[in-house]
Amino acid sequence: MTRRITRRLLLGAALAAPPLILGATGNLPSWKRIKQSYTATGERLSHAVYSRIGRSALAREYPPEEMSPEFRTNGATTGNTPAWLEARESGFANWTLQVDGLVHAPRRFSLADLQVLPLRSQITRHDCVEGWSAIGGWTGVPLSHVLEAVQLQADARYLVFWCSDVMRGFQYYESIDLIDAFHPQTILAYAMNRVPLPVGHGAPLRLRAERQLGYKQAKFVERIEAVASLSSVGFGNGGFWEDIAGYEWYAGI
Amino acid sequence: MTTSSDHTDPLPAGTIIYRHALSTRVWHWISVALALILLMSGLMIFNAHPRLYWGSYGANADPAWLEIYAQGNRGFLRLGERTLETTGVLGVSKGPFGPVNQIAFPSWATLPNYYDLSAARRWHLSTAWFFALGTIGFGIWSILNGHLRRDLAPRWSELKPRHLAKECGNHLRMRHPHSTDGSYNVLQKLAYLGVTAGLIPALILSGLTMSPWAVSVAPWLLDLFGGRQSGRSVHFIAAGLLVGFVALHLVMVVLAGPINHLRSMITGRFRIKAPRR
Chain A
1 MTRRITRRLL
11 LGAALAAPPL
21 ILGATGNLPS
31 WKRIKQSYTA
41 TGERLSHAVY
51 SRIGRSALAR
61 EYPPEEMSPE
71 FRTNGATTGN
81 TPAWLEARES
91 GFANWTLQVD
101 GLVHAPRRFS
111 LADLQVLPLR
121 SQITRHDCVE
131 GWSAIGGWTG
141 VPLSHVLEAV
151 QLQADARYLV
161 FWCSDVMRGF
171 QYYESIDLID
181 AFHPQTILAY
191 AMNRVPLPVG
201 HGAPLRLRAE
211 RQLGYKQAKF
221 VERIEAVASL
231 SSVGFGNGGF
241 WEDIAGYEWY
251 AGI
Chain B
1 MTTSSDHTDP
11 LPAGTIIYRH
21 ALSTRVWHWI
31 SVALALILLM
41 SGLMIFNAHP
51 RLYWGSYGAN
61 ADPAWLEIYA
71 QGNRGFLRLG
81 ERTLETTGVL
91 GVSKGPFGPV
101 NQIAFPSWAT
111 LPNYYDLSAA
121 RRWHLSTAWF
131 FALGTIGFGI
141 WSILNGHLRR
151 DLAPRWSELK
161 PRHLAKECGN
171 HLRMRHPHST
181 DGSYNVLQKL
191 AYLGVTAGLI
201 PALILSGLTM
211 SPWAVSVAPW
221 LLDLFGGRQS
231 GRSVHFIAAG
241 LLVGFVALHL
251 VMVVLAGPIN
261 HLRSMITGRF
271 RIKAPRR
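Line by line, the protein sequences give chains A and B. Residues 1 to 253 in the working numbering are what the first sequence lists, from first letter to last. Residues 1 to 277 in the working numbering are what the second sequence lists, from first letter to last.
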């Protein structure tokens, strides 16, 4: 009986060949490597879709009556660097935000400087990575206005938000790309629910990037640095939780 | 399935027919694996905030309709006003690092088996892509190759109340009709169709409702489910219904002949049994 090459045989051979060849040459990837690349797929695909579809789509904004009666705090509930503690003593009168890195005109902004720029108020939903949501009102300056003032250099790709809270020995930081940086709802908020930003929510200034999860909403922001790559920032993963616990840098899902 | 007409003569007992197409068998087993990963990683994600709400918002100060919690070394499940002690399973259970682990779902049911939200999210949100794309692909293929029309869509005559009542009665009395031509009975059709065209799409859409990016692009998802926290609740309930379906499905397979049915979902070949009198 002659053996015929059937569809089944071809399919089986096609499936079996790669692992057999890799195994024979000793190049079989470890279980850890397979697991790592498998569990990285979701973020890669989600980010690819996000950067192509709905780049300027708006997060839902809510009427005041739909706000959470209580907006809980999470993560660090106070800044703790000497400079921040000192600034709080004076009601943040002498506090400044430093904007530098790959910008043409690095400068410092006082709260008063930020408050004379055009403002935006929005009542949005804050979604924590843990699963809970709270709806609150934020007022601040759209990040795009600040970026126009300092003029990004052509090779700037990300903005890094350095914070005045040190957790587990590391300065909290977060980063976003330029799609989110110039998104109309991305603001540097100095007020929440019509009062100056409370300490528990990041006084005197926090980021609101409304199409991402809570840990991206950096609190106690003291410096914004424009960079070309995230690989030399922190441990290279783009944020505090990304670095120390493996959370996704792209947190839109 | 090879036959489809309304009045097929029963095939003689012992006939081997080709019951399941390759695409059906491959997707069946892949989705078993993916659904298991999704379920177990989903339970770990739930463990990060084991409370469920209705509406747009919901956090610790807001009323939760479901809550799993620990008090000392005792675990509890609260559903509305009713509280049930669930020590050993929910709230407090044996963990990988000790006998008293305060966690909503126990270690044996979660991926990873210790508390790790970021790892669970990576498992869940990577697998969700394959599951969603596979579901869409299988759905389109089922329309194209006739699987939907031939095997799953109930005929009008089968949807008549009398026929449905008879089938339900037979099932309840454990007198499951043996398929004499490889086709599904109406309750099977409704169950498989309900899961693949109803429950799984509901899981995918309610899952997307939790994504701040997805609801910026498709804000109608928030309206469809009544807010993000309602979407989260629906996601959890739908996952529970899917677990219920799988349990029932396994019981049915065992009752109807596990070897024959398992084999038909692996090789495609199904042996016709003698019809029930």
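FYI, nobody ran anything at the bench for these hints, they're computed from the structure. Do not take every clue at face value.
[Claimed, not checked] Label pairs and their calculated CB-CB ranges:
hint, chain 1, residue 1, chain 2, residue 2, range
1, B, Pro96, A, Gly169, 47 to 55 Å
2, B, Asp223, A, Val116, 32 to 40 Å
3, B, Ile237, A, Leu178, 55 to 63 Å
4, A, Leu119, B, Asn60, 28 to 36 Å
5, B, Arg82, A, Ala228, 30 to 38 Å
6, B, Gly88, A, Met167, 29 to 37 Å
[Unchecked claim] Just some of the chain A residues that point at chain B, by a computed CB distance under 10 Å:
hint, residue
7, Leu45
8, Tyr50
9, Pro64
10, Gly91
11, Phe92
12, Gln98
13, Val99
14, Trp241
15, Gly252
[As the list claims (entries may be wrong)] Footprint (simulated), chain A over chain B, 3 or more residues, beta carbon under 8 Å:
hint, stretch
16, 29-37
17, 46-52
18, 59-73
19, 202-213
20, 218-231
Every residue, glycine too, gets a C-beta built ideally from N, C-alpha and C.
Do the hints match the structure? See the list:
Restraint check, Pro96 of chain B to Gly169 of chain A: a C-beta distance of roughly 27 Å breaks the suggested window 47 to 55 Å. Between Asp223 of chain B and Val116 of chain A the Cβ separation comes to about 38 Å, which falls inside the hinted range of 32 to 40 Å. Roughly 39 Å separates the CB atoms of Ile237 of chain B and Leu178 of chain A, a value that falls outside the hinted 55 to 63 Å. A C-beta distance of roughly 31 Å is found between Leu119 of chain A and Asn60 of chain B, which places it inside the suggested range of 28 to 36 Å.
Roughly 57 Å separates the CB atoms of Arg82 of chain B and Ala228 of chain A, a value that falls outside the hinted 30 to 38 Å. The given range of 29 to 37 Å is respected by Gly88 of chain B and Met167 of chain A, whose C-beta atoms sit roughly 35 Å from each other. Proximity of Leu45 of chain A to chain B holds as hinted, the smallest CB-CB distance being about 5 Å (cut-off 10 Å). For the restraint placing Tyr50 of chain A at the interface with chain B, the shortest Cβ-Cβ distance is roughly 5 Å, inside the 10 Å limit, so the hint holds.
At about 13 Å, the closest approach between the beta carbon of Pro64 of chain A and any beta carbon in chain B exceeds 10 Å, and the interface hint on this residue is violated. Evaluation of the Gly91 of chain A hint against chain B yields a violated restraint, the C-beta minimum of about 28 Å exceeding 10 Å. Interface restraint check: Phe92 of chain A against chain B, minimum CB-CB distance 27 Å, threshold 10 Å, status violated. For Gln98 of chain A, the interface hint is violated, since its Cβ never comes within 10 Å of a Cβ in chain B; the closest pair sits about 28 Å apart.
Nearest Cβ of chain B to the Cβ of Val99 of chain A: about 26 Å, over the 10 Å cut. The hint is violated. Interface hint at Trp241 of chain A: satisfied, since its Cβ lies 7 Å from the closest Cβ of chain B, which is below the 10 Å cut-off. Interface restraint check for Gly252 of chain A: the shortest CB-CB distance to chain B comes to about 3 Å, inside 10 Å, so the restraint holds. Coverage of the stretch 29-37 of chain B by chain A is violated in this model, with 0 residues showing a Cβ closer than 8 Å to a Cβ of that chain against a need of three.
Counting residues of the stretch 46-52 of chain B whose CB falls under 8 Å from any CB of chain A gives 4; the rule of at least 3 is met. Given a C-beta distance limit of less than 8 Å, the hint that chain A covers the stretch 59-73 of chain B holds, as 4 residues qualify and 3 suffice. Coverage of the stretch 202-213 of chain B by chain A holds [criterion: at least 3 residues with CB-CB distance below 8 Å; count 4]. With a threshold of 8 Å between beta carbons, the proposed coverage of the stretch 218-231 of chain B by chain A holds, since 4 of its residues qualify and at least three are required.
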